[in-house]
Amino acid sequence: MSDRLDIIKTCKLFIGGKSPRSESGRTIPLSDSGGRVLARIAHASRKDARDAVDAASAALGAWRDSTAYLRGQVLYRWSEMLQSRRGELVETLQATTSMRVAAARKEVDASIDRVVTMAGWCDKLDQLLGCRNPVAGPYHNHTLARARGVVAVFAPSSPALLGLVTLTAAALVPGNTLVVSVPTEAALGAVLLSEMLAVSDVPPGAVNILTGPREELLEPLGGHGAVHLVLGSGLAKGERTTLRHAAADSILRPVICLDLDEAGFHDDAQAASPWLLEGLVDFKTIWHPAAI
Amino acid sequence: MSNSGTIEWDYAPAPERIRPDISDEYGLFIDGAFVEPESGESFKTVNPATGQTIARVASAGAADVDKAVKAAKAAGGKWSRLKPTERAKFLFRIARRLQECARELAVLETMDGGKPICESRDVDLPLAAQHFFYHAGWADKLQWAFPGCTPRPRGVCGQIIPWNFPLLMAAWKIAPALACGNTVVLKPAETTPLTALHLARVFQEVDLPPGVVNILTGAGETGAAIVDHPGVKKIAFTGSTDVGRGIMHALASRDVPLTLELGGKSPNIVFADAAIDQAVEGVVSGIWFNQGHVCCAGSRLFVEESIVEPFVAALRERMGRLRVGDPLDKNTDVGAINSREQLNRIEALVACGQEEGAILHEINDDPLPKRGNWHRPCFFTGVEPSHVIAREEIFGPVLSVMTFRTPQEALRRANSTPYGLAAGVWTDKGSKVFDIAGALEAGVVWCNTYNKFDAASPFGGCKASGFGREGGRHGLRPYLNLRSSGA
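Chain order of the listed sequences is L and B. Each step along the first sequence adds one to the number in our numbering, with nothing skipped, and position 70 is 70. The number in our numbering is simply the position in the second sequence, starting from 1, with 292 added.
Check the hints yourself; a few may be wrong.
As the list claims (entries may be wrong) - What follows is a list of derived Cβ distance ranges for each label pair:
no.: 1; chain 1: L; residue 1: His140; chain 2: B; residue 2: Arg697; range: 23 to 33 Å
no.: 2; chain 1: L; residue 1: Lys18; chain 2: B; residue 2: Phe726; range: 53 to 63 Å
no.: 3; chain 1: L; residue 1: Gly61; chain 2: B; residue 2: Arg683; range: 54 to 64 Å
no.: 4; chain 1: L; residue 1: Gly61; chain 2: B; residue 2: Ala325; range: 27 to 37 Å
no.: 5; chain 1: L; residue 1: Lys18; chain 2: B; residue 2: Gly730; range: 29 to 39 Å
no.: 6; chain 1: B; residue 1: Asn707; chain 2: L; residue 2: Arg50; range: 13 to 23 Å
no.: 7; chain 1: B; residue 1: Pro677; chain 2: L; residue 2: His140; range: 31 to 41 Å
As the list claims (entries may be wrong) - Selected chain B positions facing chain L (Cβ under 7 Å, derived; list incomplete):
no.: 8; residue: Phe335
no.: 9; residue: Ala544
no.: 10; residue: Lys622
no.: 11; residue: Lys755
no.: 12; residue: Phe759
no.: 13; residue: Arg761
no.: 14; residue: His766
Said to hold, decoys possible - Not the full set, but computed from the structure, chain L residues with beta-carbon under 7 Å of chain B:
no.: 15; residue: Ala62
no.: 16; residue: Ser66
no.: 17; residue: Leu70
no.: 18; residue: Ala136
no.: 19; residue: Ala248
no.: 20; residue: Ile256
FYI, nobody ran anything at the bench for these hints, they're computed from the structure. The beta carbon of each residue, even a glycine, is placed where N, CA and C say it ideally should be.
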């Protein structure tokens with residue numbers, strides 16, 4: 001046995017490209033199946049949520065207005081970062097979910113591949129979902145699939161990594177910026193993801209990660225005047241209700257509750273479908289006279 | 293012709309003479325027949341241009357809503373399993389029948405709502421028919437609209453529509469719902485129920501199966517009963533932001549898909565390099581079309597500072613030539629305000645604009661009819677961004693004129709609103725068109741044109757103007773459950 005003392009990582013939030021502690025100072029211990037404390041997760045507060053929305057709003061212009069080709073390359077770079085830390089992701093998933101190693105590998109590989117698939121969507125989605133509309137008059141009329149803006153994402157606790165990666169990557173594809181609430185069970189993987197995002201050329205603030213129980217974040221995120229869309233999976237009925245009430249205040253925003261189970265998240269036809277992505281874009285229709 | 297003075301070329305009255313077949317009383321249209329309401333209640337619908345009662349209309353209560361939803365549910369199985377091309381053919385039939393009786397319906401629309409006959413004849417009716425014709429063709433092509441998926445109807449759709457485009461909104465809501473295999477319970481607005489009821493007659497004439505569309509007249513409580521009914525599997529609402537917000541709250545605890553097309557305070561931006569005469573026409577149709585009772589009305593005009601004086605002068609001159617009066621006269625440009633309540637609201641907001649220090653321009657001094665609800669077209673200059681008339685939806689023929697110096701300022705001010713329905717931009721520079729159109733926070737952007745609509749063109753907004761699209765391929769999505777074919 002080595003007499004060297006291990007370095008234990010302080011798990012923090014990810015806001016505006018930086019890794020702050022929760023302003024509340026709160027942490028939550030995360031234990032493995034044997035009851036050993038693996039890490040202390042930052043327990044994000046309402047104030048952290050507001051800070052994260054500010055960061056996402058500030059990053060919106062840079063990410064939304066970047067070319068679709070560039071967004072695709074940035075997402076692909078994220079997959080490269082994931083690949084290089086594959087082993088660590090498998091270990092983390094095993095430790096936090098008591099998955100068997102084969103299952104953990106399968107989920108990590110599916111997560112990496114999901115990011116690759118989403119990277120490729122960036123410069124195709126608008127071609128598939130947008131169109132020229134054959135109006136009955138001398139007008140050029142086209143509909144564009146564009147970013148909605150700031151998206152509040154509520155990641156599921158299972159599948160911990162694949163669920164988080166799918167929702168995050170999908171929302172990034174059209175140029176949205178994100179505030180992602182990650183439940184405690186999935187938080188350790190989220191901390192790793194944030195470290196990879198930080199070196200993937202994703203603009204600081206485009207993805208912000210809040211860890212800890214989402215209960216107190218539902219209202220501040222769902223009802224924040226700068227949030228344009230709420231996206232969640234694995235939300236309980238009461239949580240959906242709270243989010244919808246919150247989303248009806250100030251400006252309105254739709255609430256998308258995905259009903260994907262574990263198998264659904266593993267199925268590209270469902271979880272990487274353009275019809276899932278369609279909910280994450282806003283359509284803008286532009287008219288112009290085409291006759292003189 | 294006289295040699296002495298100027299020649300008077302005044303318009304002679306040109307009233308539309310066709311009269312629709314109006315009943316004294318209308319029941320509820322449930323399961324293919326007009327029936328007495330369980331509630332036993334009715335209300336009158338009034339011609340806003342004359343104040344005269346046109347007919348009495350049943351008021352649907354919760355028991356009637358329940359009956360209608362059950363009829364729609366019962367009809368849903370057969371309708372959704374009907375061979376898609378057969379479903380398409382019903383919609384084509386409706387479109388054709390609407391074209392045949394377009395003039396009578398246009399007159400009825402004008403009588404019940406107050407809009408000029410030239411608009412109901414040339415805009416509302418042709419578009420209503422087009423919505424059925426366009427969506428008819430989708431009924432048997434849904435799997436190609438959503439490749440990789442098996443589209444399925446949602447079931448019974450509850451649809452609640454406003455009074456500004458009564459028949460068009462009914463067509464706009466019913467056509468995609470039916471094309472996708474759903475059945476419908478629709479509530480027209482309290483002040484404009486008649487054309488929806490005559491649309492029900494059209495459904496009877498074309499043998500649309502009973503229960504596929506049910507039309508319930510009534511006020512807000514009827515709408516609330518539709519929203520609250522557990523048998524309704526999708527809600528589509530067009531109307532005010534406040535009511536839309538209430539519907540969102542009412543549905544919060546249920547997984548019912550919702551689309552909302554709500555209010556607006558749409559910016560219309562005129563750059564100095566625009567074709568000025570065309571821009572003036574666009575601003576006119578942007579705000580004074582349909583008395584300004586348009587959710588996407590271009591009610592905030594931003595003019596580049598260097599051209600504001602000649603532009604405002606041209607706008608005054610053009611506004612002065614708008615003819616306000618009898619909506620059934622074919623020469624009328626601006627008709628009656630839809631209701632006394634709406635007129636009160638417009639007048640209060642205009643008074644508020646004056647109190648806040650904006651300058652009112654109202655130069656059309658033709659005498660207004662003595663009876664009915666009227667408001668002259670007008671605009672304000674000297675408007676500050678903080679003024680109520682620059683922020684709140686007026687839903688009347690009232691324009692707020694403001695200026696800007698740079699494109700960045702125009703964009704910042706245009707987007708500085710909770711609403712996000714539509715926007716206009718006027719410039720002859722192509723790159724500027726796309727740059728500004730791309731940056732405007734709105735679901736529809738009209739460039740060098742305004743207030744254009746088409747069944748093939750998705751319509752809808754963002755932010756406080758709601759979500760979801762109606763029209764075009766995109767308008768089908770809210771009426772379908774999509775399951776991936778592989779799952």
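Hints, one by one, checked against the model:
One distance hint, 23 to 33 Å for the beta-carbon pair histidine 140 of chain L and arginine 697 of chain B, holds here, with the actual separation near 29 Å. The supplied range of 53 to 63 Å is broken by lysine 18 of chain L and phenylalanine 726 of chain B, whose beta-carbon atoms lie about 36 Å from each other. A beta carbon spacing of about 24 Å between glycine 61 of chain L and arginine 683 of chain B contradicts the range 54 to 64 Å that was offered as a hint. Evaluation of the 27 to 37 Å hint for glycine 61 of chain L and alanine 325 of chain B yields a failure: the beta carbon distance comes to about 57 Å.
For the pair lysine 18 of chain L and glycine 730 of chain B, the beta carbons lie near 30 Å from each other, so the given range of 29 to 39 Å is met. Between asparagine 707 of chain B and arginine 50 of chain L, the C-beta spacing of about 21 Å keeps the proposed range 13 to 23 Å intact. Take proline 677 of chain B and histidine 140 of chain L: their Cβ atoms lie about 32 Å apart, and the range 31 to 41 Å holds. With 7 Å as the threshold, the beta carbon of phenylalanine 335 of chain B stays out of range of chain L, its nearest partner Cβ sitting at about 29 Å, so the hint is violated.
For the restraint placing alanine 544 of chain B at the interface with chain L, the shortest Cβ-Cβ distance is roughly 4 Å, inside the 7 Å limit, so the hint holds. Contact between lysine 622 of chain B and chain L, as hinted, is not supported at the beta carbon level, the nearest pair being about 22 Å apart and thus beyond 7 Å. Contact between lysine 755 of chain B and chain L, as hinted, is supported at the beta carbon level, the nearest pair being about 4 Å apart and thus within 7 Å. Contact between phenylalanine 759 of chain B and chain L, as hinted, is supported at the beta carbon level, the nearest pair being about 5 Å apart and thus within 7 Å.
With 7 Å as the threshold, the beta carbon of arginine 761 of chain B comes within range of chain L, its nearest partner Cβ sitting at about 6 Å, so the hint holds. A least Cβ separation of about 6 Å between histidine 766 of chain B and chain L falls short of the 7 Å threshold, and the interface hint therefore holds. A distance limit of 7 Å between C-beta atoms decides the matter here; for alanine 62 of chain L the minimum to chain B is near 14 Å, and the interface restraint is violated. Because the beta carbon of serine 66 of chain L sits about 13 Å from the nearest beta carbon in chain B, more than 7 Å, this interface hint is broken.
The closest approach between the C-beta of leucine 70 of chain L and any C-beta of chain B is roughly 17 Å, which is over the 7 Å cut-off, so the hint fails. Restraint check, alanine 136 of chain L versus chain B: the minimum CB separation of about 6 Å is within 7 Å; hint holds. The beta carbon of alanine 248 of chain L comes within 4 Å of a beta carbon in chain B, closer than 7 Å, and the hint placing it at the interface holds. Nearest Cβ of chain B to the Cβ of isoleucine 256 of chain L: about 10 Å, over the 7 Å cut. The hint is violated.
Hint compliance for this structure: hints 2, 3, 4, 8, 10, 15, 16, 17 and 20 are not met, and every other hint is.
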